[in-house]
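Enquirer: Each protein sequence line maps, in turn, to chains C and Y.
Numbering-wise, the numbering used here puts 361 at position 361 of the first sequence, and it's gapless, one number per residue.
Numbering-wise, the numbering used here puts 166 at position 166 of the second sequence, and it's gapless, one number per residue.
One or more of the hints may lead you astray.
Stated by the list, open to error - In silico lysine-lysine, BS3-like type, Cα no more than 25 angstroms apart, as pairs: (1) Lys263(C) / Lys25(Y); (2) Lys177(Y) / Lys107(Y); (3) Lys156(Y) / Lys177(Y); (4) Lys71(Y) / Lys230(Y); (5) Lys7(Y) / Lys156(Y); (6) Lys131(Y) / Lys25(Y); (7) Lys25(Y) / Lys184(Y); (8) Lys71(Y) / Lys263(C); (9) Lys177(Y) / Lys39(C).
Said to hold, decoys possible - Residues of chain C clear of chain Y, computed beta-carbon distances all greater than 10 angstroms: (10) Gln48; (11) Val168; (12) Leu179; (13) Pro184; (14) Ala243; (15) Ile335; (16) Gly344.
Hints in this document: simulated from the structure, not taken from any laboratory.
None of the values given here were measured: they were computed from a predicted structure.
Note that beta-carbon positions come from the ideal geometry of N, C-alpha and C, so glycine has one too.
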Amino acid sequence: MSTTEGPTLIPDDAAAQAMMDREAKMKPRKGWFPGLGEKWNTLSRQKQWLILIVVVVIAYLLPILNPPLITTEPGNNWQIALAQMSVYALVAVGLNVVVGYAGLLDLGYVAFFAVGSYTAAMFTSPDSPYVHIPYLWTLPLAMAITMFFGVMLGVPTLRLRGDYLAIVTLGFGEIVRILATIIPAMKGQVGFQNVGHPPGTDSGGQPIFLNSNGTPWYWLTLTIIILVLLAAGNLERSRVGRAWIAIREDEDAAEIMGVPTFKYKVWAFAIGASVGGLSGALFAGQVGFVNNQKFDIATSILFLAAVVMGGTGNKVGAILGGSLVAYIPLRFTAIAEFKYLIFGAALVLIMIFRPGGILPARQSLLAYGRIAYNKVKALAMKKPGTGQLTTSTGKGAGDE
Amino acid sequence: MTLLELKNVSVHYGRIQAIHDMSFKVDEGEIVSLIGANGAGKTTTMRTVSGLLNPSSGSITFAGQDITRMKAHIRVIRGISQAPEGRGIFPGMTVMENLDMGSYGRKDRSVVANDLERVFDLFPRLKERAKQFGGTMSGGEQQMLAIGRALMSNPKLLLLDEPSMGLAPQFIRQIFKIITEINKQGTTVLLVEQNANQALARAHRAFVLETGEITHSGTGKDLLANPAIKEAYLGVG
Ligand SMILES: Nc1ncnc2c1ncn2[C@@H]1O[C@H](COP(=O)(O)OP(=O)(O)OP(=O)(O)O)[C@@H](O)[C@H]1O
Ligand SMILES: [Mg+2]
């Protein structure tokens, strides 16, 4: 008789509620290629490296290959398209640290991109009255400045829960854009021409990094992406990465596991901001011109769309998503006007049918899963006798 | 010896006061149960002890040290571990990863393996399901995982918020048996329950909480025998 268990326990209701809670939580985040991650992880180290090297070589050769059908020509110069795609990919990798790893909704990411662009412009453009430094120096400088902004913005807001952060970042994005308009030193719509570029001339005496030549910019950005990916991969596998995943899954639970959640959220936010700043500086250099027109909220949402489409939390997915968001309007110029409509619709469809995106996040989690799995295996090997499954509650760990 | 002491603790949610001037002690080695109706403030109390909520007044002492303003993630390292209401496991992590997160704050990595063995001994099911995702475990299994994960920090004080919620009757008995076993192994337990029968029977001491205030206290047996409590919480007229 269930009444002996006490009147406050309503087994059916409680069980039904528990079941609903569980179902809400356990919806597998399906993606287009859900098995890919597992397959990848079963490959031997050598095979993984081989595949990676081939992919990287192809990536570097893309501007020269100019593959038919895929190319954006004749509508848009293919090399410049690649340069822009790579910048978007880098943006997505950075935003993925914030949104994907730590689960923080940043709706004003474009602000960091803008700050990075203006850093590059104001320290290198002849239109700027300030000190001029070599362009390449503006890359670390942009990272430092945006990281500083990230911390300034993160410290007060990250103590609050979820929605506040989205609103504050949304506001910050607008503030930066409006400041660029009303502060005379930032030159509003007139902007800054002839933003600097890395040094070097070719045999004909022409600078290598021309605004009209996307190839060197693409190679530079691609190299930076690879470096950032290596760093991100290391972070993912570290204690910080585990902390981020735990925060994304359940912040309170993470805190009571001993994760300093606030500190790690600020970290994620600041690291993401600095990558945003870096991509902004690269963008400014490649385009050669910065004004207040490119940093609106819609661009923020486009960045977010890139991360979500790629598969929130998956860095390879972020690269794909970022490239796609830049690529589609350039390739299909007829529909470029409708890009917000198209990506908006794509986002909605993805959220409905494939919440995991192109490459679901579990792929990146697995790096950690494998460590855990090996631990269990090691333990099982160490104590072959404990295979029995009886509830041996009489025997505690203290006896061992 | 007193392990945990709350003195005149009040907790607010905005302007709503959920806990009024609450004081109680938990001695080392005890199982102390906190029972009360829905909304009485049990979860609020637990989250205040674990540090997820800050009291608006009063003080909390743990192992002789004032921890009133200490952050939750530091309290874990000091020895307070919580299995939260609704379990709060990480759904996208495997059982093993969940358990591993339980030892996140520990510096003494070398003995973590012993705690893992202890957890697997208490809950053999978790060992069988080590690679399964937390979110796909059954309700009862998730409860085991939440308790097991909380044990992975080798706590002095284990906070359990409604461990029997949503479980089948025979399973409830098993969970309570395991709680007693954990306590026998040397862990002090503060237990919140709606399942007053079991909670009182297993507890050394217990409190009854009504709208944020302690209205009865005594040994588990005393409260079980108390007619007023029988009527209100045990479903016997
Ligand atoms: N986040 C919150 N914001 C505002 N009020 C809250 C919040 N959480 C709890 N409360 C209120 O505080 C009171 C105590 O809630 P609490 O969750 O501690 O109850 P409980 O005893 O755990 O109940 P149950 O048995 O249903 O879990 C309730 O009146 C509840 O509505
Ligand atoms: Mg509760």
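Enquirer: With reference to the structure, classify each hint as holding or not holding.
Expert: Evaluated hints:
1. Lys263(C) / Lys25(Y): 32 angstroms, violated
2. Lys177(Y) / Lys107(Y): Distance ~31 angstroms between Lys177(Y) and Lys107(Y) Cα, so the pair is violated.
3. Lys156(Y) / Lys177(Y): 19 angstroms, holds
4. Lys71(Y) / Lys230(Y): At roughly 38 angstroms apart (the allowed maximum being 25 angstroms), Lys230(Y) and Lys71(Y) break the hint.
5. Lys7(Y) / Lys156(Y): 20 angstroms, holds
6. Lys131(Y) / Lys25(Y): The hint is violated at about 40 angstroms.
7. Lys25(Y) / Lys184(Y): Roughly 19 angstroms between the alpha carbons, so the hint for Lys25(Y) and Lys184(Y) holds.
8. Lys71(Y) / Lys263(C): 12 angstroms, holds
9. Lys177(Y) / Lys39(C): With a Cα-Cα distance of about 42 angstroms, the restraint between Lys177(Y) and Lys39(C) is violated, given a limit of 25 angstroms.
10. Gln48: At about 21 angstroms from chain Y, Gln48(C) clears the 10 angstroms cut-off, so the statement holds.
11. Val168: 20 angstroms, holds
12. Leu179: At roughly 34 angstroms from the nearest Cβ of chain Y, Leu179(C) sits farther out than 10 angstroms, so the non-interface label holds.
13. Pro184: Per Cβ check, Pro184(C) is outside 10 angstroms of chain Y; nearest 44 angstroms; holds.
14. Ala243: 7 angstroms, violated
15. Ile335: Ile335(C) is indeed farther than 10 angstroms from all Cβ atoms of chain Y, at 35 angstroms.
16. Gly344: Since the minimum Cβ distance to chain Y is about 27 angstroms, Gly344(C) lies beyond 10 angstroms and the statement holds.
Checked against the numbered hints above, the structure violates hints 1, 2, 4, 6, 9 and 14; every other hint is satisfied.
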